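Protein chains: 2
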Amino acid sequence: MSSAVALGFERERANASQWFRSLRDEICKAFEQLEEEADPKLYQGRAGRFEFTPWKRSASEDQGGGEGGLMKGRLFEKVGVHISTVYGEFGENFRGEVKGTEKDSRFWASGVSLIAHMRNPRVPAVHMNTRMVVTGEQWFGGGADLTPTLTDQRRDDAPDAKSFHAALKEACDAHGKDYYERFKKWCDEYFYLPHRKEPRGIGGIFYDHLHSGNWAEDFAFTQDVGRAFLKAYLPIVRKRMIEPWTEAEREEQLIRRGRYVEFNLLYDRGTRFGLRTSGYIETILSSMPPVAKWP
Amino acid sequence: MSSAVALGFERERANASQWFRSLRDEICKAFEQLEEEADPKLYQGRAGRFEFTPWKRSASEDQGGGEGGLMKGRLFEKVGVHISTVYGEFGENFRGEVKGTEKDSRFWASGVSLIAHMRNPRVPAVHMNTRMVVTGEQWFGGGADLTPTLTDQRRDDAPDAKSFHAALKEACDAHGKDYYERFKKWCDEYFYLPHRKEPRGIGGIFYDHLHSGNWAEDFAFTQDVGRAFLKAYLPIVRKRMIEPWTEAEREEQLIRRGRYVEFNLLYDRGTRFGLRTSGYIETILSSMPPVAKWP
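Protein chains in written order, with my numbering: chain A, 3 to 297; chain B, 3 to 297.
Isolated chain A, as found in the complex:
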C-alpha cells in the first residue's frame, strides 16, 4: 500500500476515485429509471435493480479492489457498471508493456467501466470507460463507443450514430482543438476486428496516455466524457426502447454479439489487462453478452 502512496499524485488519486464512484452512482440510477419506464407490453418481468459486489485483488496484501455492479433487467438484458482502484507491482511478464513501468514496476489505476447489452435489438449496445493511471508516469484514458446490432443502424449517418458522435464531439471541443478528430480516429482503429475486416460498432472516442501537463484540465475532460456518455446514450435508449422488434432482428443481434465476444477476448486491452493483473474475473467477463450465437 505504501508503494502506491510513494507514486505521488495522492490528492489527485483520491479525487479521481471519488469521481468514478459518483459517476457510477449516477449511471446506475439513470439505468434503473429506464428499467422502470420500460413498457410491460414489450418487456416481460419486473424492472431490474443493480447488485453490487465488492472484491479485493489480494486477501493478504492491500492491493486495492473494486465494486462490480450488475443488473439483469427486462430492458437491460445484462449491464455491468464497475469501479475499481488497484495498485501494486507488475510482474516481469507485464513490465514494460505498460507505459512508465520500464524503470519502476509500481502502478496505481482507478476507473469506471460499463458495457450494456440490451434485450431489444433496436437499442444499441454501448461501452464506456474512463480511468486515471499512475506508474512512473501519470495519465488519463477512456472513451465511449456505440454498437448498434442492426445493419441499417450501423452507418455513420444513421440518426443514433450522429447524435452519439455529436455529444462526444461537444465534450472534446471544450477541451482540445484536435481532441475529437484524434480520439474518434483512435476509436475507429481500436474497435476493429481485423479477422472480420469490420468495425465493432459505429465508434465514438477513445483516448489513452492523456497527459497535457495540466492534471486538473485532463481530469475535467475525463469527467466531461462521462457526462457526455449519459447525455448521448439515454435519449437513444428512450427513443428506441418503444420500438417492437422481430425474431429476425433478435437473431441478427445475437450474431452481432458473437463478434462482440470475439473482439473482447481476442483484442481488448482492458480484458487482457484485467485477466493478467488478477482482476476480479466475474467483473472482467461481465462484459460478455448474456447470449450470443455463431450459427
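Worth flagging that the hints you see were computed from the coordinates, not collected in a lab. Please note: incorrect hints may appear among the correct ones.
Pairs involving identical chains hold if they fit within one copy or between any two copies, as the list cannot separate such chains.
[Unchecked claim] Okay, derived cross-link-like pairs now, DSBU-like style, lysine-lysine, Cα gap no bigger than 35 angstroms in a straight line:
(1) 295 x 43
(2) 233 x 295
(3) 74 x 199
(4) 31 x 241
(5) 233 x 187
(6) 295 x 199
(7) 164 x 179
(8) 58 x 43
(9) 187 x 74
(10) 233 x 105
(11) 74 x 105
(12) 164 x 241
(13) 199 x 58
(14) 74 x 295
(15) 199 x 105
(16) 233 x 74
(17) 241 x 105
(18) 295 x 31
(19) 179 x 43
(20) 58 x 295
(21) 58 x 164
(22) 171 x 101
(23) 295 x 105
(24) 295 x 164
No experiment lies behind these values; they were computed from the predicted model shown.
Using the hints provided, position chain B relative to the given structure of chain A.
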C-alpha cells in the same frame, strides 16, 4: 509454390495430406450415420448433411488452402470437420514463434481438425486435430479431447471419460512407452483456463513437435490417433444420444460453451495461428458454439 517443394519431404507430404482427407471422409460418414440414427422423438427436423466449402489462402499466389466441412444437424447442433494444406512464408511478426522458422521462414502444414457441439447436453462436445508440419524442421502434432458439459460427467472416473482415455491410451501404447503419460499431461496443461482456474473438459491427449527421427513411425502414430478418436467417440455418442435432457441441463451446457469460447479466443494456438496466417475465417471460427451463454 516452389518454396514448399524446396522444403523437402515431398512424398511424405503428399501421403499425409491424402490421409487427412481420407480420415475426414470417414469421420463425416460416421457422423452423418449418427444423424440418421437420431430418435425423432428427441431430435426435431431432418438428419443433417455435411456441406463442404473449398477455400484458398491467396487468389493470386499458390499458397494452398483447404476444405471446410460443416454440418448443422439435429443431433450434431454444429460440427466442423476441416482439412487444409497451406504453405508459404511467415511474415516478420510470426517468424521465430514457430519451430524451425528462425533461419528459414518458409512453412508447409497439412491437417485435419474437428469440433463437435451437440444438441443434447448429455452428449459431450469433442475436439480432434492432427497435422504434419514442415519448416526448417519436420514434425507431427495433434490430439483429441472430450468436453462433457454436465458437472457429473466432468470427472476423470466418469464412464465416458474412462472409455475415452482408454482408447487414446491404446493408440499411444502401441507407439511409445511414455507417449500416453506425456501426452495426457500435455493435454491437461494445454486445455486449461487459468483465469477460471478450471480445465476445458476431461482431457485426452495433446502432442506437438513429434519428430522421433522415423517419419513413417510418427505418421503411423498420428494415423492411430485419428482412428482412436473415432473408436472412442462414436460409442459415447450412441450411448448418450438416447438420453432425454432437461432445460436445466441445456442451460448448463450453454454456459459451459461460453467457457469453450473463452478458451478458443484467449488461448488456443490453432485459432491464433489460423487468424494470423490468413486462414479461412469461416472455417477457423466454425469452432465457435452455435449458441453460448454468459448469464
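Handout entry: Same-copy or cross-copy closeness of residue 58 to residue 43 [CA-CA at most 35 angstroms]
Key = neither (41 angstroms within a copy, 50 angstroms between copies)
Problem - Copy assignment of residue 233 with residue 105, given that the CA separation must stay at most 35 angstroms - result: neither (41 angstroms within a copy, 56 angstroms between copies)
Handout entry: Alpha-carbon proximity context of residue 295 and residue 164, limit 35 angstroms
Key = For residue 295 and residue 164, the Cα distance is within 35 angstroms both inside one copy (28 angstroms) and across copies (32 angstroms).
Handout entry: Intra/inter-copy verdict for residue 179 and residue 43 if alpha-carbon distance must be at most 35 angstroms
Key = Answer is neither: 46 angstroms inside a copy and 67 angstroms across each miss the 35 angstroms cutoff.
Problem - Alpha-carbon proximity between residue 233 and residue 295, which holds within one copy, between copies, both or neither at 35 angstroms - result: This pair counts as both: shortest intra-copy Cα distance 31 angstroms, inter-copy 31 angstroms.
Exercise for the section: Can you give me the call for residue 171 and residue 101, within, between, both or neither, at a CA distance of at most 35 angstroms? Expected result: Answer is within: at 27 angstroms inside a copy they meet the 35 angstroms cutoff, but 49 angstroms across does not.
Problem - Up to 35 angstroms CA-CA - residue 58 versus residue 199, copy category - result: Cα proximity of residue 199 and residue 58: across copies only (17 angstroms, versus 38 angstroms in one copy).
Practice task
Tell me, please, which holds for residue 295 and residue 105 at an alpha-carbon limit of 35 angstroms: within, between, both or neither?
Solution key: neither (45 angstroms within a copy, 42 angstroms between copies)
Problem - Intra- versus inter-subunit Cα pairing at 35 angstroms for residue 199 with residue 105 - result: between (37 angstroms within a copy, 32 angstroms between copies)
Practice task
State whether the alpha carbon distance between residue 295 and residue 199 is at most 35 angstroms within one copy, between copies, both, or neither.
Solution key: For residue 295 and residue 199, both the intra-copy (19 angstroms) and inter-copy (25 angstroms) Cα distances are at most 35 angstroms.
Practice task
Up to 35 angstroms between alpha-carbons, please classify residue 74 paired with residue 295: within, between, both or neither.
Solution key: both (19 angstroms within a copy, 13 angstroms between copies)
Exercise for the section: If the cutoff is 35 angstroms on CA atoms, where do residue 58 and residue 164 land: within, between, both or neither? Let me know, please. Expected result: neither (40 angstroms within a copy, 39 angstroms between copies)
Violated hints for the displayed structure, listed by number in ascending order: 8, 10, 11, 17, 19, 21 and 23.
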